[in-house]
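K.L.:
For reference, the chains in residue letters:
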Amino acid sequence: MAALERLKSLGELLTARSSILPGRAVLEFKPDDVRRLFSGLIEALGPDGFFVSTISATDLPGEGKVRLDYFVVLLPEEETLVFRTYLPRDKPVIQSVSDLVPGALPGECEAYDLLGVVFEGNAQLKRGFLAPEDAVKLDEYPLRKDSRV
Amino acid sequence: MGGRKIVEVPVTLEVPVGPQHPALHEPLLLRVYAEGEEIVRVEVNTGYNHRGIEKLCEKNSFHKNVFIIGRVCGICNTVHTDCYVRALEHLLGIEPCRRALFLRVLAMELERIHSHMLANAVLALNVGFENLFMNIMLDRERVMKAKEVLTGSRVMADYIIVGGVRRGLDDDKRDKIAGLLDALAPRLEYYKRVFEEDETVLKRTIDVGKASRLDAVRHSLLGPVARASGVAVDARASERYDAYGELDFNVVVKSEGDVWARAMVRWDEALEAVRIARQVLEKLPSDGNPVPDERKLPRKFPAGEAYTRVEAPRGELTYYVVSDGKGPNPYRVKIRTPSFNNIVNSPFMFVGYSVADLPAILASLDPCISCMERVTVIDVENGARRSMALRELAGGA
Amino acid sequence: MSAVLSGTRGLSAVRVIRYSPWLVHFNTGACNGCDIEVLAAKTPLYDPERFGIKLAPSVRHGDVLLVTGAVTKKAGERLRRLYEQMPHPKFVVAIGACAISGGVFQGSYSVLGGADKVVPVSVYVPGCPPRPEAIIDGVLKLLEMISRGEV
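Residue numbers (the working numbering), protein chains in the order written: chain A, 1 to 149; chain B, 150 to 546; chain C, 547 to 697.
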């Protein structure tokens, strides 16, 4: 994959590599490195060399984890890479990157409100961004597997 | 004189999840703060109506979800089902016959045309050109007819399914669709010219609501909004899904980044869509029956994850489907609609422009037809609230 | 809420609404499928104005409320308030499967499941979405019912 070549400088941050269908590279990183990762992307590709398309949080109660995936599109090839990290389910906290990459804002707000992932530094996080009032009152995150909604 | 005012724009969107903000009484889309006539700040409130679709998908089977997913958005239901179904096909390792793939493209391109005509018609309405709105909507009926001939329904196609499509296309129907496209194409050319030449349109759309290329990329803007700012992204060209790998088409890009450029991108894309649809009709393969037997579809899905992208009329739409291999339901379905990015990240495109430009800028983002809604203008100084049609703002509030 | 016209429903309602019903359209969180067909119903091919059908300039001028969407809890509150703001005589038409019963979203924890959970509905127009002709037909059936004093 030509696009991956340009990310050599991030090599030390990427702890594992796998893929999801159809043949999309999944690059794992440690939660603490999220800001270094995105600063590194900006440096390697330029601020207009990529965009954050989708942020997806998946509850994995069986493993005691929440999986967080950042689907990033590299330009100009428009190739999608998945940057993946795992957070402890009882304390899913990670630093926000929405100041570095404003495009990450909606995804972070959504993952917070629906699954409880806290993005430190994102001042716009709020309960009720998407979840209904009764879920908020019960302190429930609808997309958690044990949610009572 | 020129006091401070707040404009509240209500709306509902096509996002799959979304509620009312507990602090607000109305499901607002935008709250716009103005000093005199100048917009100084915009808050986007995700006051959508929560339907709990992602959770609903975990409670229903992979196959049943195809029909729920189509109802995430009535305007672009075909691209939603196509994207979700392709994720399932990746998990199952199956590929439909080429005839089915061509037919899927035809359905999606017809949908693109109707959606773009609707978006530009609403834009025309929002700049005070009701006659143009009515004319575009009249011609749009040809596309609705074509969709009905192909899929059996004007709006909710329920056309795409794992393994192919749900209806075949015979020669009579093919000719009927070709005839409708022949009557439509010159009208699209005509409307494109109107948008290039008409004073009313030009005055209200040129240099309004601009987004630079850098801002478009950094804010993850998508679709015609991004392409109008010079960002050459189009999932059809990069993914070459279904039959796009065998068809010839251009990715339409402009550089002005304003409301006008977005409208022009939509007209050019509608014309490209006609071109693609004609190619499909001419080159339609006969390599098999495009309609699978729904009773024989695989019910057991192996464990795996798939992430699919589709170019919806509003931009890149993505589905992330996780199967744990244990049952008939998916473990996770994540849907990210293009409007989620475009609208939530839109505030910067309004700031600095006049309140009278608000309807045009909003319409250029193609949120949904509910921008026909009434807005509330609050005069901060005296607390007076006025309700008016969004397009009336264009006349000067 | 005792409007000036209350108690005079029969003849006044017929006179006021029968030949020029003013419509208000409210989307309680639909997929927009019904909404674009309601919109299409107002365009030249369907020419609703020949029946005197027009879009009301505001809720307070509305005669007939067209409701689309499955009606979520929060939208339900807004729907109720909108209905209360309409002066008598007023009627509600539920457009589409979602407004009738919640459609495919029936059973979702945030959906009430149908307009008649919140407001009195006189006519139900089934479909997902119903065609523009069906929507106009639904309004016309309402007008006929009003003529016959059935609502």
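Please keep in mind that the hints were generated in silico from the structure rather than gathered at the bench.
Certain hints may be false.
Here are the computed lysine-lysine pairs in the DSS-like style, where the Cα-Cα straight-line distance is at most 25 Å [unchecked claim]:
1) B/Lys475 - B/Lys432
2) C/Lys663 - A/Lys145
3) A/Lys137 - C/Lys619
In silico negatives: residues of chain B with every beta carbon more than 10 Å from chain A [unchecked claim]:
4) His239
5) Arg247
6) Val382
7) Glu421
8) Pro434
9) Asn438
10) Asp442
11) Val471
12) Arg534
13) Ser536
C-beta: ideal position from N, C-alpha, C; glycine also.
K.L.:
Each hint needs a verdict: does it hold in this structure or not?
P.N.:
Do the hints match the structure? See the list:
1. With a C-alpha separation of about 41 Å, the suggested pairing of B/Lys475 with B/Lys432 is violated against the 25 Å cut-off.
2. A C-alpha spacing of about 30 Å is found between C/Lys663 and A/Lys145, which places the hinted pair above 25 Å, so the restraint is violated.
3. Between A/Lys137 and C/Lys619 the alpha-carbon distance is near 14 Å, which keeps this suggested pair within the 25 Å criterion.
4. Against the 10 Å criterion, B/His239 falls within the reach of chain A, whose nearest CB is about 4 Å from its own CB.
5. Every CB of chain A is more than 10 Å from the CB of B/Arg247 (nearest about 18 Å), matching its label as outside the interface.
6. With a cut of 10 Å on Cβ distances, B/Val382 falls inside the contact zone with chain A, its closest approach being about 5 Å.
7. Annotated as non-interface, B/Glu421 keeps its C-beta farther than 10 Å from every C-beta of chain A; the closest such distance is 18 Å.
8. Annotated as non-interface, B/Pro434 keeps its C-beta farther than 10 Å from every C-beta of chain A; the closest such distance is 22 Å.
9. Every beta carbon of chain A lies more than 10 Å from that of B/Asn438, the smallest distance being close to 25 Å; the non-interface claim holds.
10. With a least CB separation of 25 Å from chain A, B/Asp442 remains clear of the 10 Å interface cut-off, as annotated.
11. For B/Val471, the shortest C-beta to C-beta distance to chain A comes to about 6 Å, within the 10 Å cut-off, and the non-interface label is violated.
12. Residue-level check passed: B/Arg534 sits 24 Å from the nearest beta carbon of chain A, beyond 10 Å.
13. Residue placement check: B/Ser536 keeps its beta carbon more than 10 Å from all beta carbons of chain A (closest about 25 Å).
In this structure, the hints that do not hold are numbers 1, 2, 4, 6, 11, in rising order.
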